[in-house]
Structure formats: structure tokens, C-alpha cells
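Student: Residues per chain are reported as follows:
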Amino acid sequence: MNLHLSRDDAERALLAALPGRAHDLARLRTLAEATWPVVTVVGKYNHGKSRLLNEMIGRVAFSVADRRETVALAECLHEGVCWLDAPGLDADVHTEDDDHALRAIWLQSDIRLFVHAAKEGELDVAEYSLLQRLRDDGQRSLRQTLCVLSQVDQLAYEQQLREVTASITAQLPDLAWHPVSSTRYRQGLEGTKPLLLQRSGMPALKGALQHALDRVPQSRAHETALLLGEIREELQQLQTLRHGQRAQLCELQAQQGQRFDHDLRAVLDQAGVDIQALLEAPGPDHSLTPDSLADQFKVTAGKLERNRLQVGYSKVCIAINSVLIKHGVLELPLAQQTHMRSLDNVIVAVLGVYVKYRKDLQALFCEDAGRSRLQSEFSRYFELSMDRLALAARIADVEAELRTAQYGILALKILVDQQVSA
Amino acid sequence: MAAADALAPSQVDLGPLKQPLQAWLTELTQALAAHTIEVSEAGRTPPVLAVHASQINALLINSAPDWQREWAALEPARHLAQTFEDRVMLLVYGKFNAGKSSLCNLLAQRFAAHGKPVQRFHVQSGRIVESGEPLAEGAVETTAQLQGVCLGAHLMMLDTPGLHSATLENATLTQRFTDSADAVLWLTSSTSPGQVQELDGLARELHRGKPLLPVITRSDVFEEDEVEGEIVKRLRNKSPANRLLQEQDVEARGQAKLRQMGIEEAWLKHPVSVSVHMTREQGQTAQALGDSGFGRLGSALLDIVRSAIAYKQRKPAELMLHHLEEHVLEGIASQLQPSLAQLASLLQVERTRLQDTQPRLVRAVVREVLPGLPALMDRYAPEQAVAALCSEIDQLLRGALVLQVQQHIGDHALPLAAGHEAVYDGTLDELGYEPLYDALAAHIQASIARQVELAVGSCHRALDLLHASILALQTVLAGRKDQLMHLKRQLRDEVDRHPVNQTVL
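Here the protein sequences come in this chain order: A and B. This note's numbering puts the first residue of the first sequence at 1, with every later residue one more than the last. This note's numbering puts the first residue of the second sequence at 1, with every later residue one more than the last.
Wrong hints could be hidden among the right ones.
What the hints assert, rightly or not - Cut-off 30 Å, straight-line C-alpha distance, at most; resulting in silico cross-link-like pairs (DSSO-like, lysine-lysine): (1) K298(A) <-> K356(A); (2) K206(A) <-> K488(B); (3) K488(B) <-> K18(B); (4) K315(A) <-> K298(A); (5) K315(A) <-> K359(A); (6) K233(B) <-> K193(A).
For the record, the hints were derived by calculation from the structure and aren't laboratory data.
With the sequences and hints as input, model every part of the structure.
Tutor: As C-alpha cells, then:
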């Protein structure tokens, strides 16, 4: 793998190794490319998110209406902060919002402002479970969530605010809530009314947000290191796993090969001994004495001798074939098969069908060169047998997966370099 | 508003309609018991399939008592329906803090103001207890029990504990009584109106053909000012334009939601915005009531009560039908049918596995048996002991078959065909060594292929039997369902033929 990989290539390589890390990789890319801190406002529609955003920014950047409004992801850059208005947290009939919300809340944000209208009392199930996830994510990634109790001007009495805060705190004890009223803030500013301004909770919320913004570089560094570390750990585990699998399969492959070699060598050695005994039989050699036309229907010494040699040779072939069968060499490789079934076996393929005379048998079985040729020929067919090929294919698969993990480790280095330089 | 009291439901004899429903259930119970899945020829069905099949059989046999228990659990709803059979019952539905109790209390005050009788009650361990207190109201969840109020002579509001509330018991309690209602008021707060996912919890009621009226509550807003160092608050109604915007939005999304749920949009009435708080603050004058939306709510109530009467008249038979549809058929659709489908797909997996295994099984046995043949020939050749050789080969073959069958398709655990298979019946020397070897080897290979074929074939036949009984059961279930749908149409047509006896005063 060369070192001129682009980030895209590196991400692809990592994704191939760890498909479950798609979101983390996307987040890492956001972290590497992001410049301004991103603040995402999330909550049910009509709980005053857009109005709150406008007041935080100090100008009308997001549209406000007393009906469902925030559908698409709205974005605003202002004084070094990127503000996102996430689609309403509502499982509605239309679901295209989900994707926007996912991006805004989980992928792009450094800080989340969770908005809940005070008049609504407790958190409902959707709010509760999202806040729980945000809190858990905060503990892991150090991304902060500020909880805003909005529209407090719509409560009849101060006592009601205390009741609502108490019941929300009972639902999720370890979160602090900022009571806020955008309307009071606007009125306070326009009419220079200090009490409304103070009771709007906006100065306090702005202070808290500034504090959170100051900590963004630190939390980004933490989150980057955390994600890279987790990915590295997972890749190493994957690599170890694949190494182990490959070693196991290769061990099996080697064992099978040794057993085959051993059995084949034994049967060939025995063949050498048997053929030698056959050839060393006492008396004259009649096998080369030709029969005359008159001998056609007679038993001659030549015929008997030739028959004796043929039977001995057959036995040797059968013994070798038995070893082949035992080790799964049951047929010729497909490419070599003919339409003549009687010729479609490995013995014929290696030894041929010609008549073997004494000198042929001697050369084939009784000399080292002959036997080692047979050993290597039969071994070749063993490697081409069905079960052996299947095992080799499995090893190749595992090796490919091992390479994917190793490429992932190299790709991660590229990511780390880019992440650090960012 | 009290005009809604004028609609009196009339009675229809539903006996002839309830009887076929009861018969349907009896026949279904018998049919299920008669169609248990066959796991005969013990040991031939792989355990994974057998376990699954016996779970299905348990469902077939145990369902009837379960259904009876579910029917019994609905007794409180039937009791409630019976107690108030002369009233149209409106279910007040909505999230906690939607203002359900406040609305019920205000309606009670209005009826009382018109000199109509008002009686509050709550349900305590299944019994209806009358009480004098207004319903509790508050900024956080307050309603923990099922409570209601009878308005005038012919109307009753059933207040439900908060939906989507953290307490599961509340949700279950609500579910058990909802079937006794004739129509639904869906209360949705003006702060964030029309959260249509709430309607999911109402799916059953809506499928039962009950009209739905969305009420946008708390349609008011505080205005504040700072006067001499103090915050002064003033509540006002949301403007008519603002209300129209919200009502149109809620209606559009309500319709979309009903379409998505497969329910006729016609059941959704036009939404109405109200503010209980404002009308109270202004002393419930005619002007105040009108401004806060209660004039429109009154008309809407009259309208929904009128649409609810048709349902009300066939309610006793509907309750039975709902039980059959929602417990019996739904139970079958959610448990039995998926189980059957899963069994069928497991069975297909087994078939494919058997097909793939067959050639591998043959190879494995050949690899084990054939290499031993030359040694056997050498052993028996000197005595020309053909019979002994054949019987030894036969034994070797069986041993290898049993072992490999066990290893490859052991979970089918089938017995191998018994009996001796003739391997060769010639003499040992008549052919010569190599032809004899070839003949024996060919016989052994053929014999292995045949035996494996037999073994795998008997596995397939066991699967065929299983498959046949799955199909038979599926056919029965489909037939029963069609029959119930037919009875349902009959019930609804029959009652519609009776003219509704209503007099509007």
C-alpha cells in the first residue's frame, strides 16, 4: 500500500474492515474539517427553538411561526459559531426529517441546546430517551448538552416553574436546566426593562454557552483521540482474529499434506520392493519371447510371464489408488476429464495405459528418480482434488480478510496524520 | 353545548348477530386442535424443526384458554358499557398535561349551569364509584386512575390517565376500558399541537370505526409587561388567525396519519381550539365561552355524538367482534402465522442442506471404505472365501455409513435400511485380480450411492409430511379469517338497515 492515499481512500479502506464504524468515520471527518464550533438546537417543534436561536444570535436568522415549521436543517454562521436548527423531534408521518436530525445532532454538533417548553410539564418518552442518549454520549465524547426550559413566561406562577423543574429533574437527575424566555428577553431589550431581561434567563444561558464554547477545542481533541483509539483497538483485534484463523487453516493444510506424503511414500516404497521381487524371479525371462501365429490359442511361457508381470503391476496400481482415495483424490480435475470414464482416473493420467515391460517397471518403481517423479506427479493431483481446493479457497478468503484489516491499520495512520494536522 | 344531551341512542336486538360470532370461535378452536403439526415417525424430524413444531402445537391447544382469559379481562369494559348503556360515551384521550381533566371539569360546570344533572365517578378495582369532587388538575401529571363524568341524561366523558406516561400501569389501565367508548376526543396542546404519533396508541379504537375529534387545548398565551419593578401577566386567547393555522395543520397531518394507518379519513372531524383557562378567567360568560372556542366545541360535540350513535347501537356485538379480531385473529397473525412461516422456511433450509450434503456424504463413505479393499482381497483370496469377503465388506460399509450419516445428517437421526446387500456373487479367481478389484469397487460405490440416496430420501419424505401439515393449517386459518370478515360485514350492514331512532331537540 502506498502512502499517497487520499482521505477518501483511507476511509474506504477502514470501512471495508469495520463496516460498523461508518458513523464514527463520518464524525472524525467532520472533526478534521470543522473550523467553527457547531451548536445544534434540538427539541419538539413549537417549543420555541427558532425564537431562542434568533435571540442567542441577535438577529432574525430562523423563521418563527405558531405551527410546525422546522422541517429542513437550517444553518447560520455568526460570530465564529455555526448554529444548526434541527428538525423537530417528532416521529411524524413524514420521515425524511430523521436523516437531517441525525446529521445535526450526532454528526455535526459540538454542543447541543436541548429545548423543552415549560408549559408541557414532564418530558415525554421521545424527549426522555433522546436526552438520556445525549447525556451518555456526553460522558463518552465530552460533547456538552445544555438543557433549556423554554417559554417560562407561559407559566401562570413562579410556583409552577418550580414544580415543572422538580418533576423533570426527578426524571433525569444529573442534568441542570436553564429556565429561559425569549419573549421576556426581547421585551426587556426593546423597552429597557431590567427585570424582564433578568427573568428571561438569557444572560445566564449565554454565559453558560460561552463557557461551553471555550471548552470545544478540548472536547474535540478528546473525542478525536477516543474514536481513533477505539478504531485502532478494534482493527488490532480483527487482525489478531484473522491471523489465528489463517494459522489454524494452514496448520490443517500442512497436516493433510504431510499425511498424504507419508502414505504415498510408503506405498511407492512398497511398490518398489514388490516390483523388484517380481523382476528378480528366477529362471529365464520369457516375457519378450514373441508368440508365433501358431501359439494364438496356446498357453505359452511368454504369455504366462507377461500375465504374471501384469497382475503384479495391477496390484501396485490398486495399492496406490487406495492411498489416493483415502486422501480424497477421487477423480481427475474437471478440466482434465474426458468422456471416457474408464480413462478418467489419476492412475491412468500419471502412469499411462501402455504395456509395461520389465525395463519400464524397473524405471518407474525401482529407481529413486522414477519414484520421486511419481511422488511429485501424484502430489500435484492431490493439490488439485476437490477438498484440497476448497481448503485452499478458504485460506485465500481469510487472507483477503486479513489484508483488509492490515490495510485498515495503514489507512488509520493516514487518518491520524490528517486529524493531527487539522 | 348541552344540546348534545338530546341525542338518545335506541336499542336493537343483537342476539341473532352475536350467536354466529360465538359459533365461529367454537369452530375455530376445534379446527386448530384437529390440525396439529405432524411430527410422526419419531426421530426423523431434525430437533430444530421438531421443537418448533411442538411450540406451534402448544399454541394450537393452549390458545382457547388464553382467549377466554382475555375475554374475561375485558369484563370491566363490558360492565362499564352496560352500566352506561343509555349514554353515548366519549373517550378523552391525550398526552399528560394536554388538559383532559380541566376540559371535563369545565363541561361539567356548563351542564350544571344549564340545570342538567352531573355525576362524577371513578373506577376502583373494576368497580364504578360515584364521587362529588371535580377531577384533579395540575401542571404535572395528576390523573392516575380512570375517572369520568356523566353529563345530562345521555352523555358521558371518560377521562384517561396520561398516555405516553412513564407509568406503564396507567397505559394498560386505559387500554382495558377504551373499548367501551363510542367516540374519541383527541386533546392536543396548542404548545405543540398535532403530535400525530400519539394516534398510534389509538389505532384500535380508530380501526373500530369510532369518530375522532381533535381538540387543540390551551389555545391561549400569556402576555407580560414590567410595570414599576414588577412583572404583570395577562392571559389572552390565541388569535382566530393563529387558531385557524393550527387547526388546518392538525387536520392535514391527522388525515395523513389516518391514511398511513389504513383508516378512512372521514372519521376525522374538524379540529377545534379552546382555552379552558381563559373562559374561566372571564367568568364563563356567553362572550367568554364563544371567544375561547366553546361555542364551536359544542357544535362539534353534537356532531360527533350523532356519528357515534350508529356504533353505540351495535356495541354489544362489536365488543365480541373486537375480541375475535383483536385477540383471536391478531394472536393468530402475530404468533401462530409467523411461527408457521418460520417453520416453513427452516424446512426449506433443511431441504437445501440435505441436497448439498448428499454428494459430500457419498465421498466421505467412499474415502473410508474403498482404501481397505485390497487388504481384504489379500486376506480372503488364498481360501477363495467369497462369502466371508462380501460379508466383511458389507460390515465395513455399514459401519462407515452409520458413522458418516451420523456426522453429516445426524440431526435427522434416521435408521439405515436393514438387511444384507449382496456385494458380489462370483468366485474370486475367475476374473483375475484387477477386474475383480474393479468389480468389487464398482459394486461398493454403487451400493454407497444407493444407501445414501435412500437415507437422504427418507429425510426428504419426513420433511414432505411436515410441509403438508403446515399447508393444511395455513389453509384452515385463511378460511376462518374470511368467514369472520364476512360476519363483520353482516353485522355492520344489519344495524345500518335499522333506522336510528334519534330526536334532536
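Student: Now tell me if each hint is right for this structure.
Tutor: Hints, verified against the model:
no. : hint                : result
1   : K298(A) <-> K356(A) : 22 Å, holds
2   : K206(A) <-> K488(B) : 62 Å, violated
3   : K488(B) <-> K18(B)  : 11 Å, holds
4   : K315(A) <-> K298(A) : 26 Å, holds
5   : K315(A) <-> K359(A) : 18 Å, holds
6   : K233(B) <-> K193(A) : 15 Å, holds
Going down the numbered hints, you'll see the structure goes against just number 2.
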